[in-house]
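Heads up: the sequence shown begins at 26 in the numbering used here, then just goes up one per residue.
One or more hints might be untrue.
To be verified - Under the rule of at most 30 Å between Cα atoms (straight-line distance), these lysine-lysine pairs were calculated in the BS3-like manner:
#  : residue 1 : residue 2
1  : Lys114    : Lys54
2  : Lys191    : Lys54
3  : Lys144    : Lys112
4  : Lys112    : Lys58
5  : Lys58     : Lys33
6  : Lys262    : Lys161
7  : Lys58     : Lys191
8  : Lys112    : Lys54
9  : Lys58     : Lys114
10 : Lys33     : Lys161
11 : Lys144    : Lys161
12 : Lys33     : Lys114
13 : Lys112    : Lys161
14 : Lys262    : Lys112
15 : Lys191    : Lys161
16 : Lys144    : Lys191
17 : Lys262    : Lys369
18 : Lys144    : Lys33
19 : Lys63     : Lys191
20 : Lys161    : Lys114
21 : Lys112    : Lys63
22 : Lys191    : Lys262
23 : Lys33     : Lys63
24 : Lys33     : Lys54
25 : Lys112    : Lys191
26 : Lys114    : Lys144
27 : Lys161    : Lys63
Claimed, not checked - Distance windows between CB atoms, simulated:
#  : residue 1 : residue 2 : range
28 : Ala61     : Leu224    : 44 to 54 Å
29 : Gly258    : Val173    : 28 to 38 Å
30 : Met163    : Glu243    : 16 to 26 Å
31 : Val293    : Val116    : 20 to 30 Å
32 : Ala40     : Ser159    : 15 to 25 Å
Simulated from the structure, these hints should not be mistaken for laboratory data.
Heads up, the beta-carbon is just placed ideally off N, CA and C, and yes, glycines get one too.
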Amino acid sequence: MTPVAASKVWAALSAYESIELVRRFVEEKTGRKPNATKAREIAAHFAQGREYFRNAVGAGELVRPLILYYGVVALARGAVLFLDPSKSKVVGGHGLDASGWEDLNAKPEAVPGLPVTVKREGTFPELARVSGNSEKCMVRNGGMPGEVSVRSPGPEIVPGTRVTIKETLGQIPDVADLYERTFGEHPRRLRCEVEVTGLPEPDLADAFIRNEISPNREMRRHAWLGVVPTRTGLPSKDWVADVLGRCVAARDTGTNILHFAREPVYRVAESHLFDLYYDAGTLESPRLDMPVTTAVSGEEYLKLPTEGGVVLSTLLALHAVSYAAGMLVRYHPGYWSAVVGRTKGDSIAPVLSAAISTVEERYPALVLDTLEG
Numbered sequence: 026m027t028p029v030a031a032s033k034v035w036a037a038l039s040a041y042e043s044i045e046l047v048r049r050f051v052e053e054k055t056g057r058k059p060n061a062t063k064a065r066e067i068a069a070h071f072a073q074g075r076e077y078f079r080n081a082v083g084a085g086e087l088v089r090p091l092i093l094y095y096g097v098v099a100l101a102r103g104a105v106l107f108l109d110p111s112k113s114k115v116v117g118g119h120g121l122d123a124s125g126w127e128d129l130n131a132k133p134e135a136v137p138g139l140p141v142t143v144k145r146e147g148t149f150p151e152l153a154r155v156s157g158n159s160e161k162c163m164v165r166n167g168g169m170p171g172e173v174s175v176r177s178p179g180p181e182i183v184p185g186t187r188v189t190i191k192e193t194l195g196q197i198p199d200v201a202d203l204y205e206r207t208f209g210e211h212p213r214r215l216r217c218e219v220e221v222t223g224l225p226e227p228d229l230a231d232a233f234i235r236n237e238i239s240p241n242r243e244m245r246r247h248a249w250l251g252v253v254p255t256r257t258g259l260p261s262k263d264w265v266a267d268v269l270g271r272c273v274a275a276r277d278t279g280t281n282i283l284h285f286a287r288e289p290v291y292r293v294a295e296s297h298l299f300d301l302y303y304d305a306g307t308l309e310s311p312r313l314d315m316p317v318t319t320a321v322s323g324e325e326y327l328k329l330p331t332e333g334g335v336v337l338s339t340l341l342a343l344h345a346v347s348y349a350a351g352m353l354v355r356y357h358p359g360y361w362s363a364v365v366g367r368t369k370g371d372s373i374a375p376v377l378s379a380a381i382s383t384v385e386e387r388y389p390a391l392v393l394d395t396l397e398g
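Whenever a hint applies, use it, and build me the whole structure from the sequences.
Put into structure tokens, the structure is as follows:
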């Protein structure tokens with residue numbers, strides 16, 4: 026995100042620091058006008074969040090992740106109160122647990138495997154609930170307009186959900202390349218190219234042409250999906266198909282012509298081409314739900330779950346990695362000093378540092394999308 030774009034995000038978020046504007050926005054969003062006390066609480070969280078992010082800019086490497094995490098929590102709590110009219114305050118606590126970390130030796134090579142567990146109450150599970158663990162992105166459209174906004178839903182995040190720091194990093198599209206360089210494997214966000222055709226799934230094609238589909242029938246529609254090579258090569262076509270299940274059908278692998286690709290290098294490239302069938306809602310209430318997200322650059326990434334079946338939206342993945350880094354700084358400085366000190370076994374340092382920078386760059390914008398989506 027450019028400095029100009031970032032300043033526009035903060036300018037938009039500054040409106041949520043006004044008690045009167047918050048009362049109006051909540052009423053427009055939910056149909057219920059909050060009292061002045063709740064509106065003041067919401068505004069205070071957003072104001073605090075902005076100050077924490079501002080103070081993090083000049084902070085040193087040993088403390089910056091913790092200051093950023095305080096900002097993440099403040100923005101998240103403001104969003105939860107804004108989006109849930111029944112709440113007067115957010116239940117205290119992070120909503121994430123890092124227990125067991127103290128039993129590990131303070132060596133950098135142990136950091137990727139450190140687990141983070143979702144608790145029943147607290148900021149993170151509340152944010153997961155009000156955001157629906159979903160996100161928006163833009164993909165190519167075969168018709169007009171040239172791009173369309175799609176929703177990328179995720180499964181419910183339940184108490185006990187557990188991910189390691191490495192698994193969380195693998196779900197942040199903006200650090201996918203560094204993840205591959207670091208771990209020598211594909212992350213759970215695969216670089217791809219997508220184009221929506223809007224055609225119905227084959228079983229409904231004839232009925233669609235004859236205009237015989239009930240207005241209330243749930244449908245799936247078609248898009249082209251091209252999984253393209255990255256630093257570690259092409260992922261297994263069967264792996265992608267097995268993970269995504271019924272929503273994809275594999276086509277031939279070879280020098281496919283991805284005429285719909287955003288980047289010219291992928292228009293004639295060794296790639297996996299799939300038919301992607303996404304949930305399209307009904308004729309009366311259409312939607313575009315597909316397992317795709319985008320980096321801040323606009324590049325498209327296919328969302329695959331971890332081996333444990335966990336899928337985090339970019340918002341939640343950034344929140345979780347910010348928590349992990351903040352806890353390393355606050356309660357396990359030996360780990361963090363070893364990581365940033367560039368000692369033996371510090372290979373996670375570049376990708377973790379990049380993820381923290383992505384928190385600073387993207388988290389406020391993703392919160393704004395959640396508020397206004």
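Against the structure, the hints come out as follows:
no.	hint	in the structure
1	Lys114 with Lys54	18 Å, holds
2	Lys191 with Lys54	36 Å, violated
3	Lys144 with Lys112	19 Å, holds
4	Lys112 with Lys58	12 Å, holds
5	Lys58 with Lys33	27 Å, holds
6	Lys262 with Lys161	26 Å, holds
7	Lys58 with Lys191	42 Å, violated
8	Lys112 with Lys54	15 Å, holds
9	Lys58 with Lys114	15 Å, holds
10	Lys33 with Lys161	19 Å, holds
11	Lys144 with Lys161	26 Å, holds
12	Lys33 with Lys114	28 Å, holds
13	Lys112 with Lys161	25 Å, holds
14	Lys262 with Lys112	46 Å, violated
15	Lys191 with Lys161	24 Å, holds
16	Lys144 with Lys191	19 Å, holds
17	Lys262 with Lys369	36 Å, violated
18	Lys144 with Lys33	34 Å, violated
19	Lys63 with Lys191	38 Å, violated
20	Lys161 with Lys114	27 Å, holds
21	Lys112 with Lys63	9 Å, holds
22	Lys191 with Lys262	23 Å, holds
23	Lys33 with Lys63	26 Å, holds
24	Lys33 with Lys54	21 Å, holds
25	Lys112 with Lys191	34 Å, violated
26	Lys114 with Lys144	18 Å, holds
27	Lys161 with Lys63	28 Å, holds
28	Ala61 with Leu224: 44 to 54 Å	52 Å, holds
29	Gly258 with Val173: 28 to 38 Å	30 Å, holds
30	Met163 with Glu243: 16 to 26 Å	24 Å, holds
31	Val293 with Val116: 20 to 30 Å	54 Å, violated
32	Ala40 with Ser159: 15 to 25 Å	23 Å, holds
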